[in-house]
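J.: Protein chains in written order, with the numbering used here: chain A, 9 to 375; chain B, 9 to 375.
It should be emphasised that the hints constitute simulated quantities derived from the structure, not laboratory data. For each residue, glycine too, the CB sits at the ideal point set by N, CA and C. One thing to keep in mind: the hints can contain errors.
[Said to hold, decoys possible] Ranges of calculated distance between the beta carbons of each label pair, as one might list FRET restraints:
#1 A:E58 / B:E304: 25 to 33 angstroms
#2 B:E363 / A:G321: 52 to 60 angstroms
#3 A:E131 / B:H242: 40 to 48 angstroms
#4 B:G332 / A:A22: 47 to 55 angstroms
#5 A:P331 / B:A22: 43 to 51 angstroms
#6 B:T135 / A:P331: 36 to 44 angstroms
#7 A:Q305 / B:P331: 51 to 59 angstroms
#8 B:G225 / A:Q305: 22 to 30 angstroms
#9 B:I303 / A:D315: 43 to 51 angstroms
#10 A:E310 / B:E363: 41 to 49 angstroms
#11 A:D315 / B:A86: 52 to 60 angstroms
#12 B:R322 / A:E131: 52 to 60 angstroms
#13 A:Q295 / B:D138: 52 to 60 angstroms
2 protein chains.
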Amino acid sequence: MKVDGIPYRTIWPAADDPGVVEIIDQRHLPHRFVIERLASVNEVAIAIREMHVRGAGLIGATAGWGMYLAAREAADVAGLRAFGDQLKATRPTAVNLAWAVDRQLAVLEPIVGQQARVEAARELAMTIADEDAECCRRLGQHGLELIREIAARKGGKPVNVLTHCNAGWLAFVDHGSATGPIYAAFEAGIPIHVWVDETRPRNQGARLTAWELGQHGVPHTIIADNTGGHLMQHGLVDLVIVGADRVTYTGFAANKIGTYLKALAAADNGVPFYVALPSSTFDWTMQDGIREIPIEQRGNEEVKYMDGVTADGRIEEVLVTPPGSPAANYGFDVTPPRLITGLITERGIIRPADEKTILAAFPEKRS
Amino acid sequence: MKVDGIPYRTIWPAADDPGVVEIIDQRHLPHRFVIERLASVNEVAIAIREMHVRGAGLIGATAGWGMYLAAREAADVAGLRAFGDQLKATRPTAVNLAWAVDRQLAVLEPIVGQQARVEAARELAMTIADEDAECCRRLGQHGLELIREIAARKGGKPVNVLTHCNAGWLAFVDHGSATGPIYAAFEAGIPIHVWVDETRPRNQGARLTAWELGQHGVPHTIIADNTGGHLMQHGLVDLVIVGADRVTYTGFAANKIGTYLKALAAADNGVPFYVALPSSTFDWTMQDGIREIPIEQRGNEEVKYMDGVTADGRIEEVLVTPPGSPAANYGFDVTPPRLITGLITERGIIRPADEKTILAAFPEKRS
């Protein structure tokens, strides 16, 4: 998608140096647009661990490119495996990370000769990134049809989509999951406007989703997370699209904390509520999402402190609570399938979102 | 309630000067506890307009004390009326403000002689404040019974109450509405813990509710507004108590934006959801709260900027969104009676909250 009029991905090989991979260092958004050059496996590991990059799709792609740099650095397969372990350890719960490393190792281990491994690793890193972008593009095309139907009913008035957190192109290689249908509709000339939940406590909506929509030119408005119910009561939301961190094969969707509240409001007001996901986000083993999906508790400083830009342009962190008050920080919640109108995947829209329909769309996963 | 171990109200006549009224200047909370001395009607008007004081009950009490200072300053009834108009204009939509001014004028206008008016105004200002405190104390006692029942079922484990925004003693003269039952339970020795919604965008929960609970010694935890649904899904909330800005006689409750989302989550998880209010908060004319109650839209800078304390102790405001992104700021939402378990008032608990039960509790309002 575009930044200041120029198309970007979130990760790409540097044009001027085969030993360098470039990323958008997302820690500085929305205040500064910083491109970082990664020239070693170690630098890639830091970028993943310190969240210069984040989001399942992008973490996978970054690991893929990390293994390309590993192939350049490692004289033998043992060295390559050690680098793979180093990358996997950066964010142990990110399934796409281990998946991308293992996929590279499976291809590279049988190859004799470092130069041949480097070439194969480069090709596979590009393939992993391309597949991620293509997957989001395809789910965007399926979601576009939902938006087109609503637009036809509204006769030229903008379609109002509400989204939560950042399931945008910044979380993938391009297009994004929740934003895939939005960008597709925008490109198709459908009038669209996005309500962006600021998404406390880490503010990924206000920081990242608002930034990427703004850079691409998509009309949007940032709102406090508290606002969506009121908007839905007054007919100001036509459609909710959110991403997901994990969706069980029975249709329970774990996503950023607060998603469940929006699903309740959507159900209460007859607003369609969709979860957009590449199929790699499905969990084919868990049945009861609310009871089984572990919910990460993060540091309370994310609730107690906020950072931003001062009037004179400095980045400053401020305490916004009484210093002595405890705070809790649950990262995710789980929305049950009864509140989900459908799932938007690269294979099409699964509706309703239940065990039967999900396994019908992915018959190879029956077992 | 207590601040640093010492009992306070939010407003009181200065002990050392009959021409001075003292308030807690709430703009500085939670970072600094500042007592402000108000020595003229003009200073009272500034304190109301600039939100040194806020909350329906406290605004009414402040207007009552403002009219006492007006009686000291105005030689005749015409001057008194002009001061009354000045006070009413500070926050035109605050019904308690006009109510307190008019109540003072009704008593003072027939009185001949300035000194007699000053004495009467002082007595009535004290009465208005005392009535507000007593009203919250009584509704707190009614709400205490709800908490006592839950505590009995939990056999010594803390009762977890979730609240939104600040309907605490800082919004009234003492005790508070939503916090009335909480303080009553705490004083009664019932183990209690409060989940405090931070309440974006103005953060009244994180700033004010957390501060007042902490100062009084009530165990509490600040959470992002997104969190309540997850907590309820996992049995971590026994009871929700919120305040209200306006409750129609048909049971629709307008309260801080986001209240409706918590009511939905409570209903979905079988958690009792109560609205605590002094009966002055009832609107005896409106029928359909969602369609009729006007919802204030405030400046978008409340969404885009946050202020707090830097590491070196300065108060600083920071921009937390992309500078070019629009933001919207709706102040309130409306929760329909079907989602409200009951209303906690000074006359007792009204359950269910509908036209019939509300008018049965307030038969004098039938007309």
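J.: If a hint holds in the structure, say so; if it doesn't, say that too.
T.: Hints, verified against the model:
Look at A:E58 against B:E304: about 42 angstroms separates their beta carbons, and that is not inside 25 to 33 angstroms. The given range of 52 to 60 angstroms is respected by B:E363 and A:G321, whose C-beta atoms sit roughly 56 angstroms from each other. Range check, A:E131 to B:H242: about 46 angstroms between beta-carbon atoms, so the 40 to 48 angstroms window is met. For B:G332 paired with A:A22, a C-beta distance near 29 angstroms fails the hint of 47 to 55 angstroms.
Taking 43 to 51 angstroms as the suggested C-beta distance range, the pair A:P331 and B:A22 does not conform, at roughly 30 angstroms. The hinted range of 36 to 44 angstroms is satisfied by B:T135 and A:P331, whose Cβ atoms lie roughly 38 angstroms apart. A hinted range of 51 to 59 angstroms for the beta carbons of A:Q305 and B:P331 is inconsistent with their spacing of about 33 angstroms. At about 25 angstroms, the beta-carbon gap between B:G225 and A:Q305 stays in the expected band of 22 to 30 angstroms.
Between B:I303 and A:D315 the CB atoms are about 31 angstroms apart, so this pair departs from the stated range of 43 to 51 angstroms. About 44 angstroms separates the C-beta atoms of A:E310 and B:E363, a value consistent with the hinted range of 41 to 49 angstroms. Distance hint check: the CB atoms of A:D315 and B:A86 are about 54 angstroms apart, consistent with the given range 52 to 60 angstroms. Evaluation of the 52 to 60 angstroms hint for B:R322 and A:E131 yields a pass: the beta carbon distance comes to about 54 angstroms.
Restraint check, A:Q295 to B:D138: a C-beta distance of roughly 59 angstroms satisfies the suggested window 52 to 60 angstroms.
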